[in-house]
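Chemist: In case you want the letters, here they are:
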Amino acid sequence: MLSLVIFFPLAAGLVLLVLPASRPRLVRWVALLAAVTELALTLVLLAGFNANGGLQWETDVDWIPSLGAGYSIGVTGISLPLIILTALLTAVAMVYVLPERQHTRGHAFLFLLMTTGLIGVFASRDLLLFYAFFEVGLVPMYFIIGIWGHENRRYAAIKFFLYTRAGSLAMLLSFLGLYLSSSPRTFSLDELAAQSPLSGTGAALALLGLVLGFGVKLPIFPLHNWLPDAHVEAPTEGSVLLAGAQLKMGAYGFIVVVPTLLPQATREYAPWLLAIALITLVYGALAALAQSDLKRLVAYTSVNHMGYVILGLAVWGLADDGDVRRLALNGAAVQAVSHGLLTGGLFLLVGMLQARGHTREMSRFSGLLQAAPRYSFLLAALAFGSLGLPGFSGFVAEFQVLGATVSEQLWAAAVVVLGLVIMTALFILVLVRIVMGELSLPEPNFPDLDAREAIASVPLVVLSLAIGVLPFLLLRYIDPVSQQLSTLP
Amino acid sequence: MTAGIQSALLLMVPILPLATAGGLALAGLFARSGDGRLRRWPGWVALASSAFSLGILLLLWGREIEVSGEWLGVSGLAVTVALESTELTYFLAVLVASISTLVILYSIKYMETEAGVIRFFAELALFVGAMLALVLAGSWIVLFSAWEFVGLASFLLIGFWYREAASRRAAQRAFLMTRVADMGLLLAWLHVTMRLHTSRIDAFLGSLGTPAFTEAELLILALLFLLAVVGKSAQLPLTAWLPAAMAGPTPVSALIHSATMVAAGVFLLLRLFPLYEASPWALTLVLWLGLAGAVVAAIVATGQNDLKRLLAWSTISQLGEMVFAIGLGAPLAGAYHLATHSVFKSTLFLTAGAVDHGAGTRDLSQLGGLRRSMPLTAAVFGLAALALAGVPPLSGFWSEDLIVAAAAAKHPALGLVSVGLVLLAGLYIGRAGVATFLGTRRSPPPQEGAGPKDPGGSMMLAMLLGGAAAALTGLLLHPAVEGLLPFAKESGAGAAWRIAAGIAGLVGLLAAWLLVRSKGTASLFEPLPRLLERALEAVPELGMRTAEASSFPLPRFEAALDGGAQAARGLVLALTGGAQRSEAFLDGVALAGVRAVEGVTELTERTESRVFGRGGDRAAELLSLAGARLRPAQTGRVYLYTLGLFLWTFGTAVVSLLFWR
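Order-wise, the sequence lines are chains A and B. Using the working numbering, the letters of the first sequence correspond one by one to residues 49 to 537. Using the working numbering, the letters of the second sequence correspond one by one to residues 66 to 726.
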C-alpha cells in the first residue's frame, strides 16, 4: 500500500506523457485527478494508522544486498502528516494551474515525479533509498524553475541546483561515513541507530555533513541564499511545493534523521545548533522586513519559520528533561506542517496578486479591501496566522518550541520573540500597505477570488485553523514519535 | 442550577459574541454592499449577543464556577482551557459586558450612515467575546489567546476607516507596540507553565508560598508580566499608541481604548497581585511607574486641544493611578477605580462622539457654547466630568478617595501628589468642558444643516444610561463592590485627606473655568505638555527606526552571498566551457593527425604510382590500407574521444534544457 502511495504519482505521470499534447485541458484534468487520487490514497494510510503503534505500513525487501541497502519503507507519526501535506499541496497546485496551457504534460509529469520523490523521502527507512528519493524530489524543481519560471529563471535554477546538489553531496558523504563504519555494513536507519557506529570526530563530521545537507534545504543561515531567488523565479505552484513540501525534507531530516543517527553528537554540539537557530530566526525576520517584493518577503519569512525546526533540535540536544525534549520536537514537527499550510497559502495569494497585477512590488498595491474583500480576508487570516496569532497552527508550533526553549535558556527565548516581533511588524506592514489604504492597483480589472482560487487556498487556512484550535488532531500522531526520540541518550 | 448547566452558561458568555462575530464576518463577505436593509440589523445582532452574555452573567451572580478541559495533554504538560468565575473575574466580566452592551447600543445610531457596518459590528463582537474570555480566563493559554485577540480586534477597529492614512498608521502602531509588550506575557506564562507542568493560573498563584520559584525568578516573572501590563495599559514608556488610536470610530475609543482593553493591564496586575506581593522590588517599580505615568499623562492632557486625544491622555493618567494604587499595596483601590473609571470615561467618550457628530469638530479651539444647542449632552458630560474630578458623591470620588488614603498612609508626600493628580484631572476635564459647552462658539458652524443638536435614538439612550451610571455607581455599589472583591479592605482616609481629595477636583474645575474665560483654549503649562508628548511619540519611532536600520544592511549582505553563488556558477560555466574548448582542441589535433596521415598516404600513393605506375602495385595498396586502418587510432585514443563525445552530449543536453523556453 505504501509503495502504491509512493509510486502512484510517478505512474500517473508516465501515463500523462502519452496523452496527446494537443489537448492540454485533458492533461490538466487528468493530472488533477491523479493528485486527488494520491491525496485519497494518503488518507487511506491515515485511516489505517494507529497513532501509538510505531512504524507501520512497512515493506522491507533486499534492494542491493551486496551493499546492505534495502527497499525499506514505513510510516511513522511524524512522516504521515508530511506525506499527507505533500499530497495535499500537489493537489492544490494542480487545481491552481488548471487554466495554464504551457507544456502541460511535462509540467504535470515533473510535479508528480517530485511528489513521488518527496513522499519517498518521508517513507524511507534506508539511507541509500532516502538519498535516491531526496534527489528525485529535488531535480524536478530545477526544471520547473528553469522552464516555467519568471524573468530571471535560469540564474535561479542554476543557483538552486548548485546549492542543493552541494547539500545533498554533503549528506551522502555523511551517510557513506556511517555506512563504512558500521558492521555489518548497512544503510538501514534503524540498524544504524542501534549500532551508532560513529563517535568523536567521526560523529562530528557526520553531523556537520547532515547539518549542511538538511541545512541547505531547511534552510539555515548562511545556507539560505538560494531560497529567495528560487521562490521569486519559480512559478506560483512551484513556490507552493517548494516552501510547503520540499523544505520539509530538511525539516524531516532535522527532526527525525539527525536525532536518530547521531544523538550524542547532536547533544555535544547543541549550543552551536542553538546559535545557528537564533541567528536564522532573527536574520530571516529582519531580511524579510527589508523586502519590497512580496514573494521575496514571504520567502524570507520561511527562513524565520523554519528556524523553529532547528531550534527544536537544538533544545532537544540541550535539555536533560525528557518532557522538554519531547515538547521541542513536537513543536518543530507541528511547525513543519503548519508552515506548509500557511506559507503555501501565502505563496498562492501572492501568485494571484501577480497574475492580476503583473508585478510583485508591494508599493503597487493598495486598498485591496475595496476591490477584493474575500481575497483580503484570506490574506489577513494567513498573515495573522503567520505572525503567530493563537488559534492558528503556527502558534501551536511556536509556543511549544518556545516553551521548551524558555525552560532551558530564558535569554534564548527572548531572542526568539525578538524575531516574532519583527515578523509581526512586517506582516502588519503588508496588511496596512496593500489591504488598507486608498484603492490603487496596477491593473484596473481586479476580480475577487474565483472558485478555483478559493478551492486551492481556503482548505489550507481551514486546516491551519483546525490544528490551531484542536492541536490534538495532529499531535496525537506526532507525540509518540517525539516521545520515543526523547528517550535517546 | 446543576453544575453542568452553570458550566455551559459560563462558556456561553464569551462564545456567544465570538460566534456572532464569525457569523457577521461571513455575512459581510458575501453581502452585497449598499443594501439599505442591511443597515441596522448587524448592530441589533451584536447588541443581542452582548446583552445575552450580560444576562447570563447576572444569572450566575454569587456563584463560584469553574470550567476546564484539557486542550493539549502531551509532554507531561497539561495545557488546559479554563474559565473561572470567581470574585474578581466575575466583577470584571459584568463590568465588561455592561459597558459593551451600552456602547453597542450607542453604535447602532452612531454608525448608521457609515459604509461597512457589518464589518464594524463583527469586529466589535469579536472584541467583546475576546475581552470576556480574557477576564474570565482560568488558564494561561486562554488568557494569552484572548489577550492577543483583543489586540487583533483593537487593530481592526482602529483601522476601521482603512482608507485614511492616520487610521492605518494608528492601527499599525497600536498593534506593534502592544505586541512587543505581549512577548513579556508569553515568556512569563510559558516559564510558569513549564515549571509547574500545568497552565492553570490558580496553580501558579498557589505555588507562590512554596519554594517552586526562586526569588530572582519571581522578580524576572514579575517584570515580564509588568511589560505586558505597560503595553496594554499604555503606561510609560509605551504610551504613544493610545492617543493615536483615537483615529478609530468614537464607540471604539469608548469601549476598547478607555474602559476595557486598556484596563486589561491593570486587571492582570490585580490577578497576579500575590506575585507582586512576593516580589517587593517589582511592587516598588509598579508604584513609581504608575505614579510617573499618571503625572506625565495628566500634564500632557492639560495641553490637548482635540477632545478625544485629551480624553486618551486622561485615560493613561487614570490607568497610571490604578497601577500606582496597586504599587502602594492597595489593590482594592485600584480595582474600584478601574470600575468607576470605566463607567465615567466611556460616558465621556460617548458625549465626545455626540459633540463630534453634532458640531462637526472636536477641536476645542473651534467649539464653545454647545450647552444651549445640546443641553442633554452637556448635562451627561458634566456629570461624567465631575465624576472624573472626584467630586462627591459621584463615582470617581469613592475610588479616588481610596487611592489618596493609601498614598497618604504610605507617605504624606505621596498623598499630596495624589491629591495633586485629582486637581490636575479637574483642570484638564474642566478646560475641555468649559471650552466645549460654555461661552460662545469660537468658529462659525458649517453652513448646511440645522446646526448642532442632541443626538437621538439609541445614542441618547446609551448616553443617559452612562451618565446615570457615572453618577451613581460609586454610591450604590460601594458596599457591594467592596464585598465582592477578594482584597482586604483598606482603612478609609483620614478626614483631612478625604476633604482635600474632595475639594481638589473642584478647585481644578474652578481654575479651568477662570482660565478658559481669560485665556481661551490656550494651553496652561506650555511648553511642558508638548515636550513630554513629543518625547513619548519618539518611543515607537525609535523602535521602528532601529528595526529598519538593522534590516538595512541585510540586502547588501545577501548580495555578497549572492556574489558567492554567482562566482560558483561562473566557475562551473568556465569549467564546462574549458572542457568544451579542450574537446575542440583535441578534435583539432585529431583532425590534423588524420589529415597528416591522409596526406602522407596520398603522397606515398602518388609517389608509388609515379615510380611504379598506376595500379597493380601491392606495396602501394598495403600502405594505403595501413593508412586507413591507422585513421581511427590516430584520431586520439578512441576511448578519450568517446568520453569527450559523451560529455559533450550531456553538457549540450543540460545547457539546452536550461535555456530551453
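No lab work stands behind these hints: they were computed from the structure. There may be inaccurate statements among the hints.
[What the hints assert, rightly or not] With the Cβ distance kept under 8 Å, some of the chain A side facing chain B (calculated, not the full set):
1. K207
2. P270
3. A335
4. G439
5. L489
6. E491
7. P492
8. P495
[Said to hold, decoys possible] Computed footprint of chain A on chain B, listed as stretches where at least three residues anywhere in the stretch have a Cβ under 8 Å from a Cβ of chain A:
9. 478-492
10. 516-526
It should be emphasised that the depicted structure is a prediction, and the values quoted were computed from it without experimental measurement. Quick reminder that beta carbons are idealized off the backbone N, C-alpha and C, glycines included.
Chemist: Does each hint hold? Answer for all of them.
Modeler: Each hint tested on the structure:
Checking K207 (chain A) against chain B: minimum C-beta separation of about 5 Å stays under 8 Å; hint holds. Taking 8 Å as the C-beta contact cut-off toward chain B, the hint placing P270 (chain A) at the interface holds, the least distance being around 6 Å. Against a cut-off of 8 Å between C-beta atoms, the interface hint on A335 (chain A) holds, since the closest Cβ of chain B lies about 5 Å away. With its C-beta approaching chain B no nearer than about 7 Å, G439 (chain A) sits inside the 8 Å limit, and its interface hint holds.
The criterion of a C-beta within 8 Å of any C-beta in chain B is not met by L489 (chain A), whose closest approach is roughly 14 Å, and the hint is violated. With 8 Å as the threshold, the beta carbon of E491 (chain A) stays out of range of chain B, its nearest partner Cβ sitting at about 20 Å, so the hint is violated. At about 18 Å, the closest approach between the beta carbon of P492 (chain A) and any beta carbon in chain B exceeds 8 Å, and the interface hint on this residue is violated. A least Cβ separation of about 15 Å between P495 (chain A) and chain B goes past the 8 Å threshold, and the interface hint is therefore violated.
By the rule of at least three residues with a Cβ nearer than 8 Å to a Cβ of chain A, the coverage given for the stretch 478-492 of chain B is violated, with 0 such residues. Coverage of the stretch 516-526 of chain B by chain A is violated. Counting CB-CB distances below 8 Å, 0 residues qualify, and the rule asks for three or more.
When the structure is compared with the earlier hints, violations turn up for hints 5, 6, 7, 8, 9, 10 and for no others.
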